[in-house]
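Q: Sequence:
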Amino acid sequence: MDSTARLTSKGHLTVPRAVRDALPHFLELAVTIEVPTAKRNVAWDEVIRRNRAVRASRSR
Numbered sequence: 001m002d003s004t005a006r007l008t009s010k011g012h013l014t015v016p017r018a019v020r021d022a023l024p025h026f027l028e029l030a031v032t033i034e035v036p037t038a039k040r041n042v043a044w045d046e047v048i049r050r051n052r053a054v055r056a057s058r059s060r
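Counting in our numbering, the sequence shown runs from 1 upward without gaps.
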């Protein structure tokens, strides 16, 4: 199942309520998320900095 989710600045993954409510056993679908090689073993501050830079360039 594909769904849109967001990763918060605290590192939490948020899933839309409509998706959670549509599946009675949503947590049973839990899987490991693949992380791109370029983003592995990177400090969280660096991840945030890169994401903010990308978002800032999109909004200009």
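One thing to keep in mind: the hints can contain errors.
Stated by the list, open to error - Listed next, with one range per pair, are the computed distances between beta-carbon atoms:
| hint | residue 1 | residue 2 | range |
| --- | --- | --- | --- |
| 1 | Leu13 | Arg52 | 31 to 41 angstroms |
| 2 | Arg50 | His12 | 16 to 26 angstroms |
| 3 | Arg49 | Leu23 | 14 to 24 angstroms |
| 4 | Thr4 | Arg52 | 16 to 26 angstroms |
Since the hints were made in silico from the structure, they are not lab data.
No experiment lies behind these values; they were computed from the predicted model shown.
For glycine and all other residues, C-beta sits at the position ideal for the given N, C-alpha and C.
Q: Evaluate each hint against the coordinates.
A: Cross-check of the supplied hints:
1. Roughly 19 angstroms separates the CB atoms of Leu13 and Arg52, a value that falls outside the hinted 31 to 41 angstroms.
2. Checked against the given bound of 16 to 26 angstroms, the beta carbons of Arg50 and His12, roughly 19 angstroms apart, stay inside it.
3. Checked against the hint of 14 to 24 angstroms, the C-beta distance between Arg49 and Leu23 comes to roughly 35 angstroms, which is inconsistent with it.
4. At roughly 20 angstroms, the beta-carbon separation of Thr4 and Arg52 lies within the given 16 to 26 angstroms, and the hint holds.
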